[in-house]
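Counting from 1, position 76 in the sequence shown corresponds to residue 63 in this note's numbering; the numbering is continuous, with no gaps.
Honestly, the hints are just simulated from the structure, not real lab data. Check before you lean on any hint, since a few could be wrong.
As the list claims (entries may be wrong) - Each pair of labels, with its calculated beta carbon distance range:
(1) I329 x F42: 34 to 40 Å
(2) Y387 x T224: 19 to 25 Å
(3) A166 x Y387: 28 to 34 Å
(4) I329 x R383: 38 to 44 Å
(5) L227 x F389: 15 to 21 Å
We treat Cβ as the ideally placed atom computed from N, Cα and C, and that holds for glycine.
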Amino acid sequence: MNASSSGQGHTLKPVLSTLQLWAIAVGLVISGEYFGWSYGWASAGTLGFTVTALFIAAMYTTFIFSFTELTTSIPHAGGPFAYSKRAFGPTGGYLAGAATLIEFVFAPPAIALAIGAYLNVQFPTVDPKLAALGAYLVFMTLNIVGVQIAATFELCVTLLAIFELLVFMGVVSPGFSLANFTKGGWSGSDSFSLASIPGMFAAIPFAIWFFLAIEGVAMAAEEARDPRRSIPIAYITGILTLVVLAIGVMLFAGGAGDWSKLSNINDPLPQAMKLIVGANSNWLHMLVWLGLFGLVASFHGIILGYSRQIFALSREAYLPAYFAKVHPRFKTPHRAILAVGIAAIYSDELITIGGQTLTANIVTMSVFGAILMYILSMLSLFKLRRSEAGLVRPFRAPLYPFFPAFALFGALVCMATMIYYNPLIFGIFVALLALGYAWFLATARQRAEGAAAVAEF
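Sequences are here, hints too, so could you generate the full structure?
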């Protein structure tokens, strides 16, 4: 069922411009420049992690160029769910939809905790978890009151976040030393050896965090004024913006001093700046405040993304039709925003395991969902090229089949290594998919009658 056939109560409003879509693409991801990636230094070192990050950047670049073909050919709020369903039927749609939902439900708690950590730097008496809860309440409300307002806000905070990253690089540059960055850069050693390789593989989820969720623009496709033109521009300029920022932030943070003090923490940029300007500098206070904009941009954008995913799944009767209703005044999927937001608030309590920090576990769970979705999306691209050769494709993946093949290869490598290094979290991931599949099988009849069920609601 597409938006046009789903009834007025289940239709999203097409209002987003190209610039707003670019802001969503960058904003969804930009918190990954502020935190999360430094956990990769703990296992791979700065140089080892750089190699991992460059491989992941290449995977994401080829993936986005390929994924854009799907997004412009099938502009649907379900994004990957819609592509896999069209290529592989209901079961393919379920797997892609569930994987995307796990990615977008588990990512916000990590970002919310980082927001709390940044506020704690400025106000030591503030409980980071309480601040995270407050962030949920504020930005779920903002997403409910209208997509145009939400997208305009996203544009503003994304621009401020980019500005702040440039300020960070400028402030720490006088104290930058390449020797600081390279010291112990191969898993604690000054020289590369075969012993460095396992750490580089173990760091994959934290390199992915640099770019995780950029594909969420696909879930705003039904709300774009001209998706076939604006989405390719937003995606391509977005991934190029993020690659440049990721390399710059990592290089300048690692060269500011003893990089080992920045691994395994949620606020590496303020701590890196402290090494240069001291704990009481006005630059540091500015970084904390403006740094929040980067975290807010991703947090706010991912709420937009997960709500559209659950809205699309519900509209197709993969989830209860209750969540497929849009607000009569604001035309936003308010029920999906609230329901999934509440679940996400408590998701951190489910995976405090394995000896890693809470944030590291949440990041890893979110990345498992993303990688499965990437694999299914690339397989869908290959399948639809064969089965629907006549499908209108306003944008075609360049260097086909090499770009999507490299993206698929990279995703498979990531999945294999993540399973090896995170078996317990992978077991939880599989259990969540299995529970969802049980629901999928139990509701087969409802899906067959889904159009009538949604129309009645």
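Each hint, compared with the structure:
1. I329 x F42: 34 to 40 Å: The hinted range 34 to 40 Å holds for I329 and F42, with Cβ atoms some 37 Å apart.
2. Y387 x T224: 19 to 25 Å: 21 Å, holds
3. A166 x Y387: 28 to 34 Å: 44 Å, violated
4. I329 x R383: 38 to 44 Å: Check passed, 41 Å falls within 38 to 44 Å.
5. L227 x F389: 15 to 21 Å: Since L227 and F389 have Cβ atoms about 19 Å apart, the given range 15 to 21 Å holds.
In this structure, the one hint that does not hold is number 3.
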